[in-house]
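Engineer: In case you want the letters, here they are:
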Amino acid sequence: MADDPIVRSLASVVRNGAPLVLAAIGETFTERAGIINLSLDGSLMLSALAGLVIGINTQSVLVGALAAMLVGMIVALIVAASSIELKQNQVAVGFILTLLCRDLAIFLGKPFLNIPALSVPYFSIPILKDIPVIGPVFFDQDVFTYLSLLAIIVSWFWIFRTSPGLTLRSVGERPAATFARGKNVNRIRYLYAAVGGSLVGLGGAAYTLSVSTIWKETPNGGQISGNGWIALALVIFGGWYPLRVAFGVYLVAALRVLAGNLQGGEVPIALLNLIPWVLMILTLLAVSGPYLETLLKILPRRLHPLVRVLLRARPPAALGVAFEQEGKE
Amino acid sequence: MDVQISHIVKTFGKVRANDDISMTFQSGHIYAVLGENGAGKSTLMKILSGFQPPDSGQIVLDGQPVVFASPADALRVGIGMLHQDVLDVPGMTVLDNFILARGTHLLPDRHRARVELSQQADKLGFDLNPDAYVDSLTIGERQQLELVRLLSLGAKVLILDEPTTGISTDQKEVLFNSLRRLAHTESVTVILVSHKLEDVNALCDSVVVLRQGQVTGSADMPSPTATLIEMMFGKDLPRSGQRPGKHAHKGLNTVLSVKALSVPGRRVSLKDVYLDVERGEVVGLAGLDGSGQRGLLRACAGLEAPTAGWLYLEGRDVTHLNYHDRVGLGVAYTPAGRLEEGLVAGLTLTEHVALVSDRGTWVHWNAARHEAKDKIEHYSIRGTSESRVETLSGGNQQRALMALLPQNLKLLLLESPTRGLDVESARWVWRQLLARREQGAAIIFISPDLDEIIEYSDRVVVFFGGRATLIDDPSKTSMAELGRLIGGVQS
Amino acid sequence: MTPLQGSANTSQHSNRWLAQALVLIVGLLIIVGGIVAVLLLSGKDPASALNLFLQGSLGDATQRSLVVMRGLPILLAASGLLLTFSAGLWNIGIEGQMMFGAIFATIIARSVGNDTSGWIALALELILAAIGGALWALVAGVLKTKGRVNEIFGGVALNFIASNIALYILDGPWKYGARQQTAPFNAPALLPLVPDSGALSLPGIVIAIAGFVLVYLILKRSRWGLQLRAMGHSQRSAFLLGVRTERNVLLAMMACGALGGIGGALQILSPDPVSKGYLFPDSSGGIGFLALLVVLLANYQAAWVPLISLFFSLVPVGMLNLQTQIGLDPTLGRVFEEALVFIVVLANGAAARARHTMGEPD
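Chains as they are written, first to last, in the numbering used here: chain A, 1 to 329; chain B, 330 to 820; chain C, 821 to 1182.
Among the hints, a few may not be true.
Sample of chain C residues lacking proximity to chain A, with all beta carbon distances greater than 12 Å (derived) [what the hints assert, rightly or not]:
hint	residue
1	N1006
2	P1012
3	L1071
4	L1117
5	L1127
6	L1148
7	R1154
Derived lysine-lysine pairs resembling PhoX-like cross-links, with alpha carbons at most 25 Å apart [as the list claims (entries may be wrong)]:
hint	chain 1	residue 1	chain 2	residue 2
8	A	K183	B	K485
9	C	K1040	B	K702
10	C	K966	B	K704
Quick list of simulated restraints, FRET-style, between CB atoms [unchecked claim]:
hint	chain 1	residue 1	chain 2	residue 2	range
11	C	W1124	A	Y291	41 to 49 Å
12	A	L310	B	L436	24 to 32 Å
13	A	V267	B	L436	46 to 54 Å
14	A	I134	B	Q413	48 to 56 Å
15	B	T713	C	L848	37 to 45 Å
16	B	T806	A	L295	50 to 58 Å
17	B	D499	A	P300	52 to 60 Å
Read the hints as simulated data drawn from the structure, not as lab findings.
Predicted model, so just to flag it, every value in this text is computed and none were measured.
Note that CB positions come from ideal geometry on N, CA and C, so glycine has one too.
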């Protein structure tokens, strides 16, 4: 069964999707709290480099991953702080940071180009791995892949089932109401910027420690650069719902595996590389375009919650807006 | 719970919003805090409910001095405030809003919360669906949810800021009944902040009046209206009804003709509306918030696409013309949100004048500045030509909006033209509007204030559930009758 | 975002300046310290590196002319971005628009023979470049206005699509030998040089300055510029006050794309060591993003844009010398520029905060 090419492809989709899952779920947390961390593309690369270098130097995957998480967290906290403390535009700061981190990673990573890093062992989970199809796809992987699966489930549970999750949603939707209920809005925003940034960092580490163990980033591209933007778009595609976000990630990963199989055939590589971006535009059109609102107008009211959860992508109302406590000068 | 506030002072820049205010509220009584806009009511209530700290002064609850760092602090000791703009989370369900920030457990006990919510709602006579999304509720329902939440968290003092704006007569009845019960059987202290004397008359045991940041008097209800007005304004204002003679609809010179118009809406869709409006006529659109009147107004402006029906402007079919094309034909529309939709925050008055003035590739800044200065004088705007509009007061922003309206209008569409304005400013606005009417413009307006509609409209259209009922002579229709129509009660 | 405000109030702002200066100085110290540390760690003498950098950028007329010519595409793109920023748009797709400008210019340039008139060739190339950039910007604009796709994400996707289209063309129809590039253009297709001036080209300079001046006049004096600024503050209010916002979004995007497209064409049509005189995969070379940084550094103030554009072209030109002489990775130049913008934005924020705590109006 495990040798079935389809099962193998599915397993590789789940494995290759792991860094994107971690990054996109991280960004979902951050944006749910009302902070847009546009620096993803750069912070993924910088944290990936940190994971690689620290990992090699300490010969420890754990330390490498923690270093990567620290880098991701710091970048996210800078975005949060410049919005909360300095009232700067989150998009502007995030954009600058995305370029800065990217070029910093390329510059600092030059000595590490094509040096093999640590490899993370696979370990299968007993019993679960023997389930047909599901087993080899989900339960015969490495630690980063397991963490990515855990991130999906935990983030969904946290955001929609727990009290702090409820507070998190309210902070992104109507911070004034959260404040009135006795919560410290900005502290919560810092917290989720840190949590989200750490997950992005972990996603970076997953690139250099799991998916590929080699650093390939140059000014002309690499294997990480560009993925941060895809992760950001997937958060929108997923409508800020973790399960939908993860579904989007696996869709993209599947397309890539498919494109990889097509390579060397009749279709030029450049055109294959174009496909995910065209799809990204099309999906953004589908979820944020006017068509969905029209659908909502036609459908009876009791179907609305379902449509909201499945299709609509409406950003948290206070996304990108700094919270100002009334009357506090 | 007895509340005593003494010597509260709060200044914003040079303005003393609260200037040494002291007053006492006793347990089980219903109070009104009256005052015109800018009298300091809202500031005082925000201080009492922990949203703002006072510069100096003291709050004493049942003999204990208290200091609040946040509204949650205030609620912890029993003071809850219902804001005019209800502080809930629209994107979440009623139940989620009820649970939000409640209790310290990681996993909320949804089942218990559901029971608690429905018990509390039942007790107050409210009907709330716990699974509905808050952004699909009416303002009245959102207030009900917030009251339920505050009381279930142990509020013993309830502050309500202008709660009757935008809710139905029925909802108002339900609200007032539950407030009476809370005060008289559960000893809750109720403080109603309002500028509506009818609400105060209907509900309150006593009233405190503020003017320019100071207490100018207090009285036990019932009290003669004239006394209250004198305390509020310092002089006896002339009675309303001063406007010149009503325009009798003759069916001539029709400016706007609405035929079989249907407009889709989020909650309520407007269905099959007919209306003719002629030169020099003022038509008021009454109804609960979200009954379809806004849809009609915006469809007339070209901001909402009708699903069926026709619109004619002086006989010309304009159904498919967009907003800007209709503006070109002499239609004007002013939204309710002056700084959100009406004026461009960040631009100066001169820039506004240049923005709306005649076409041409280049802006002549000197000419624009002169024009702005003329308008500032003519419309008595307190500000300079280089003032950014967001630095103006609400009344002056409304004046600026009036100043920017083009000349020779055929049809003027207004959304809540006097929202948040004090009586003087509101009257000024209507003098301007009536002058436009004398010049031949037809006016259609929406207002949540029934008095305003009755006073200024030649004819009234009442909306309920997307259906429109035309009232040809509002002066012959009683307030009660109108209230019934608005509430959808067949007569 | 507060695009293109009038000059700051001149009343006492000492605290504000203090906060701003403090962050700036500390930030610059960190940047310079970091660069010195990097040099020392890789066994290079910082002082001689600085010397090499200055020689490489300002040392002689050829180097100085190179700085000017490399600054022109940045200036053009940044001028275009002033328009979109004014209207509240984040035209991150400028990079792809420049690439499209370069591709469209190449349509003409690669068919220009040695006996063609240079002026006609150049005019056609630039017109086509403007059309190409404007078209690509129009796609992002339509996605935003009709499809409600945020221009940032639409723009990013369109950037990647543009660069892949370029790759496809250069790997296929326009392939020159074994390399991913077009054949070198014939001399009449390139910008004419001022004799003995290094890389200086008068038409290039005139076009870039004209583009900037036009944008400046539009923003300060024209009705359209005022409309864009109104939209930048409040799209909704501007619409109700009579501004055709949807059309203006498209027009602003297209104007920006056209200017960027011309910039992209200048990028490949200058006969200098960087631009090479043919189309290659990375022809836009991050100049669009650099132009975004220029406008952010200028805090959306048009007047600062030409100077900053020049400075932003000086750095890579100087770095080129460091690369050839001591093998320093020129990416360091980019890092320096980005870190500088980052620090300045934080300093502006610190000033705003100081102003806020002083209780002055914003």
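Engineer: Hint compliance check: list the failing hint numbers for this structure, sorted ascending.
Structural biologist: 4, 6, 7, 10, 16, 17
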